[in-house]
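S.K.: Chains as they are written, first to last, in our numbering: chain A, 588 to 1067; chain B, 588 to 1067; chain C, 2 to 298; chain D, 2 to 298.
In case anyone wonders, no lab produced these hints; they're calculated from the structure. Don't be surprised by glycine CBs; every beta carbon is placed ideally from N, CA and C. Some hints here could point you the wrong way.
[Stated by the list, open to error] Chain A regions said to be covered by chain D (calculated; three or more residues, Cβ under 8 Å): (1) 802-808; (2) 934-945.
[To be verified] Straight-line alpha carbon distances no greater than 27 Å define the calculated DSSO-like cross-link-like pairs of lysine-lysine that follow: (3) B:Lys993 <-> C:Lys58; (4) C:Lys275 <-> D:Lys275; (5) D:Lys58 <-> A:Lys993; (6) D:Lys58 <-> A:Lys991; (7) C:Lys63 <-> B:Lys967; (8) D:Lys58 <-> B:Lys991; (9) B:Lys915 <-> B:Lys927; (10) A:Lys746 <-> D:Lys275; (11) B:Lys604 <-> B:Lys626; (12) A:Lys604 <-> A:Lys732; (13) C:Lys275 <-> B:Lys993; (14) B:Lys917 <-> B:Lys927; (15) A:Lys993 <-> C:Lys144; (16) B:Lys945 <-> B:Lys931.
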Amino acid sequence: MAAAEGTEEDDAAYIIKEGDCVVLKRGDIFKALKVQLNKKVMFEKQWLFLDKAVGQLYSTAFEVVSGGHLEPHKAKTTEGSADTAEAGADNRNIVDDGKSQKLTRDDIETLKEQGLKGQDIIQQLIDNSSTFRDKTEFSQQKYIKKKKKKYESTITVLKPSCRILAMMYHGREPAKVCHLRHDTLAQMLTLGNIHAGSKVLVFETCSGLVLGAVMERMGGYGSVVQMYPGGEAVRAGVESFGFPPHFHDTLHEFPICHVNALLAGTLNTAPAKEPEADANDPSKAGEEAGQTDEDMGGGGGGGGEGGPEEPKMETSTAAQDKQREWDKLKENRLQEKKVKMEEKRKKLASAAALLEGKNADGLIIASRFHPSLVLLGLIKFLAPSRPFVVYSQYIEPLIECYTKLKDQGGTVNLQLTDSWLRHYQVLPNRTHPVLQMSGGGGYLLTGTTTVNMRNFKAAGAQQADEPPAPKKLKLSGSEG
Amino acid sequence: MAAAEGTEEDDAAYIIKEGDCVVLKRGDIFKALKVQLNKKVMFEKQWLFLDKAVGQLYSTAFEVVSGGHLEPHKAKTTEGSADTAEAGADNRNIVDDGKSQKLTRDDIETLKEQGLKGQDIIQQLIDNSSTFRDKTEFSQQKYIKKKKKKYESTITVLKPSCRILAMMYHGREPAKVCHLRHDTLAQMLTLGNIHAGSKVLVFETCSGLVLGAVMERMGGYGSVVQMYPGGEAVRAGVESFGFPPHFHDTLHEFPICHVNALLAGTLNTAPAKEPEADANDPSKAGEEAGQTDEDMGGGGGGGGEGGPEEPKMETSTAAQDKQREWDKLKENRLQEKKVKMEEKRKKLASAAALLEGKNADGLIIASRFHPSLVLLGLIKFLAPSRPFVVYSQYIEPLIECYTKLKDQGGTVNLQLTDSWLRHYQVLPNRTHPVLQMSGGGGYLLTGTTTVNMRNFKAAGAQQADEPPAPKKLKLSGSEG
Amino acid sequence: MSFVEYSERIREGDVVIIYLGHESMMPVKVQAGGKTQTRYGAIRHSTDLIGQSFGSKVTCSKGGWVLVLHPTPELWTVSLPHRTQILYTTDIATITMMLELKPGSVVCESGTGSGSLSHAILRTIAPTGHLHTVEFHQQRAEKVEQEFQEHRVDHLVTVRNQDVCREGFGVAGVADAVFLDIPSPWEAVGHAHTAMKRHGGRLCSFSPCIEQVQRTCEALTERGFHDLSTLEVALRVHGVRSVGLSLPDFGPDAGPDAGETPAPAPVHTSVAIKTTIPPREMTGHTGYLTFATKPRT
Amino acid sequence: MSFVEYSERIREGDVVIIYLGHESMMPVKVQAGGKTQTRYGAIRHSTDLIGQSFGSKVTCSKGGWVLVLHPTPELWTVSLPHRTQILYTTDIATITMMLELKPGSVVCESGTGSGSLSHAILRTIAPTGHLHTVEFHQQRAEKVEQEFQEHRVDHLVTVRNQDVCREGFGVAGVADAVFLDIPSPWEAVGHAHTAMKRHGGRLCSFSPCIEQVQRTCEALTERGFHDLSTLEVALRVHGVRSVGLSLPDFGPDAGPDAGETPAPAPVHTSVAIKTTIPPREMTGHTGYLTFATKPRT
């Protein structure tokens, strides 16, 4: 037996630091935020300060004590601890007279003032309930759950991950992620064969969750191009992942309003000729765009009004000073604007360079846009024999998508799916599926491109990518 | 404790008789047929005779012995008996060399010739398998299932019921029942509040399964009107239920091509005036139609060519004989046709009488027709405050149906649902959901009529039947 | 009205279902001179209900209106006063079919609980069947008996206040079907067997936990029941919606100037589709339904 | 090609996936001079495959054609030679996310089985992670090791032929995640704990039967794991269809003669809709997935 001994790990990586992106957890509720000192944050209707979490290890459970401060919780996680109480076989002896609880509200307030923690208060409530033991397991659980929500305030500080953030979004703000359920996102990443070193296109309106999930799976290797609609790429959710800075070097963005131009070879990513100014360095565009054979358009503009380090010249009068200040302000603003535009241009150029080869390795779509049009537009950038995954909250648009892909050819392995997710309570003599379950996790259309995709024929090539089925071949019933 | 002693039951009701409608069961496979003596029937690729089942009790298990004859099977049902074998923890020691079975094919044939029954042969195979005990439970079950299918031939003869016939159709010929799954049919009967004494309209193209199910729940009390499309009412499946004759008196039929005429009050169910003959008795129509205020149209035709008992007159010549024979034949045919037409007319009249009051108690639709048009056409016959249930294999037509009902008003409690059905294997240490499950059971749209339905306004009365929601009222998220 | 027979018009003494809005209903016992408060105002029974047609609109005192519906076991299930966890229509429908209930069936049930299933059984076995229902909780047994009277189905049912595990159903050899919804159904399997007809019948046991199912299946097999089948049915209610899907703007197709100036933030148009959305949360589990056949004995 | 890196063109020694039709695929090792028979005729590796682009059409000797696809763990899962029950993509996807696998993760797995999950793990943890996989069946361990070489992922994986319940994973304090797919996972929980990093990690156990889950959960709780979560994911594949719905003919609207003569059997027209149909049978259960977190120790 060849036993490889583990190297001692550096705790530093596991210590909560100021400025870290973390996720607070209480029960099944999550909240992502940045650790800031002396900042009041609201979580589950409770104000608290994260200051005392700094320096502690990730996954530490804290109790919220007076003043909203956190105090490390030495005991084991409380979850399920009160569940082991003895359960009555049935509720036959329970009379609902509202007198079963011996503790009064005042008693409870006193316990709280004494600094009793949530878990202890619940235990007190159980001990002082004359009916708890006689309740059925179902009723006991309902009781504990209700009380927990009211009195317990154990909070765990977690390192963010795709798993946690996906559960957080789906649980708290499903509309922000187009109701994408975490297990559906899991399918997307796997069916999209997302992995380090590949070049993946992402079109999403899921607050950046899908983009972040793809980046996590790429681990900082390869390139991700966010194809975005509208004026600016939206991806607040990516921040919550707390990626190391070099991850962001792998992230590119391309506004879809330039897709047609790029495909037609008419997209000019060279420095723009502006009416007021054309301060651009044509060499930089090439530098960023790297080793591409891209048509850079009509060449860059000429030199400009000098760099930001322009030497200052002193003059004597106040008026001159004022005028100068004014001029400078104006110039700075202009300069800033130019820098921004230049950055934007460079970004566009670098993304265009990645796209132009039409050799992307993966395409992930999850948005409130009509998936059919988005997919047909963006699939052109994929290399042959590469997977694509389209998510939609609704099945109807994916039916259209499926039909159009079948008609135009150039794809195989088309599959339209949905999935259901079921959680279980596993406890001695009380094992059963969790009573509430998600009603749906959305729909996925997945497939693989073929060489035909490139020589895409508008019509007449129906299902040309399916080998002709010989008579002896029994095709499965699930394909049109 | 007031113990009511059971009355001794009459075995006669539980004995299989010639002419009975029965269901054969082997494993999960069912087949409905009529018991006929000396008739070879095919079941699960096996020819057999039911003769020896006659006189036995229902639910008896039979072994198919040589010549296809049945022999009552004294042992308990074999199902699951071989499953209790000891299972290996894993397959680690199994080498698939095809040599694990010590019995040869010839050995097995010999066993069969010796009259060994299926179950015994399987036990022999297990005993002579060097690897069976080492296989995991999953592999063992797969093995037993395979062998059972091959060697076992225990057949149970069951009394038909809605439960069994619904499982039979869905399992063997789902296309014949529009893929209606048995649990979905169960929902329909309950949500439709089908019960004795009511008047229920059924529109189905499910081979009569749905109609039969409704009749079973009515127990011979009340009326069922089959609203049928096309030339003739199709309901072969009703026969399989083996209802006592009086059940059929409660069954009426009405061709939907007369729906508009009936609603317009222009349907003439009086004896038709035919060009060649008008042998009709107008009094009969009224008799059948009962206490209705129906407009019987322009009155019946006059008397006819006499009844079938017309006395014969003898003549002498052969030619005359021939002519007479010919005439008689012709006349008989005409007569038969007239009788049939008269029957049809009476049927129509009696069904029309049931419909005219527009006071039916329930409406069940399950067909390959567009449910929206069918429902909007037939819902007019329902009394207010009555349930209706529409089944469709597809969700899209029911979305349309839902939308139209919402637009026109006159209904409440609209609900569009589907359900999933999961079976479990419950065995010591081997409990889990059955690995294969049905992919879908179809969709249901259900609702309740209101008084408004009668004074149906074509448009402009949008959602007029929903009380105006006051601001404090939180409406559930699942309604548009 | 009765829960097993439809009527056209409301009479005194009827129990009617007041429909206040989607999934908001309440049962009301109609009494001459009676008055019922709703959030839309008061309903005066004598003028607003008695003599009216079921399914009518009733204008309340505050000017709002409600609908008055004929009771059915299904409307009762969604509006009854809960004294226990109750069985809902999806399970009830499955139980009714799988127990092969029909007019004339004799059924034993325990526990009666809030009577949700009992009403559905009575509807199906009327007019010639009978329900023997056993409830150990005295208050509940009394309350449900009173409801059966008010619902005019008391001639079809016998309520017994006893412990089914110890004392059984109080009948022998009469039942076509037995239904168990008790914490330890395995303790009542023998009594179920006793209650059932000699020539056989069907049994159903409802249990939330798999361990209960396992013990019950063992007890059923020991007692000679066969065709054991454990299943679950879950219902999903689809919301019908009109939703808008944005249309992507991939920019002008070609032209030499394309891309020269930054395009203004494009205005996306959208298309509307009719679709359904699932509920965020649905009932994923109520309990396991275990069915079995009692053979001829 | 490699299972963790895409290539554009096929080279000798590559493993490619031959797509023969819907859900019909086979893996082929490309060898100069090699020949593979398909039902459409033979594929000659040197001329038909080597140097071709992945995703190309290949015309076979009988004139039929197939597609040659770049291998992925997902295509491998549907085309690999089964030596055991395998894990499928739906479970694999869930496991990968819930174990928080990513480039650099160190993972322990047992049993290796046919290597379906192993390939997916390797794809996700490359280029800097490592998989320690333990398989007690010697032939299988050898076979899968050979496949890892052919798939050019052997540098990322260590295969051990031993009994995980007795001998553990052969590593200590290194794993970010552990996956168990063995008949008695509770016996390996201690070894899993040993294999995991001091600061914690995630564990997943796959078991078909609930009793296995119950024992495993007990063992996990005893060993100090927390956040236990047992779940199932089932995938439903929808068939896209154009179906016709008949239109009912309710007959002529009015007219005094309506109904006078029996109407001829009406000719029903129909409308076509695009819809989906579910599969008649789907995989409703593969196994329960139990996840847990190992806390810092």
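S.K.: Could you run down the list of hints and mark each one as holding or not?
M.R.: Results for each hint:
no.	hint	in the structure
1	802-808	holds (count 6)
2	934-945	violated (count 0)
3	B:Lys993 <-> C:Lys58	17 Å, holds
4	C:Lys275 <-> D:Lys275	14 Å, holds
5	D:Lys58 <-> A:Lys993	17 Å, holds
6	D:Lys58 <-> A:Lys991	21 Å, holds
7	C:Lys63 <-> B:Lys967	32 Å, violated
8	D:Lys58 <-> B:Lys991	49 Å, violated
9	B:Lys915 <-> B:Lys927	18 Å, holds
10	A:Lys746 <-> D:Lys275	46 Å, violated
11	B:Lys604 <-> B:Lys626	14 Å, holds
12	A:Lys604 <-> A:Lys732	33 Å, violated
13	C:Lys275 <-> B:Lys993	13 Å, holds
14	B:Lys917 <-> B:Lys927	15 Å, holds
15	A:Lys993 <-> C:Lys144	63 Å, violated
16	B:Lys945 <-> B:Lys931	22 Å, holds
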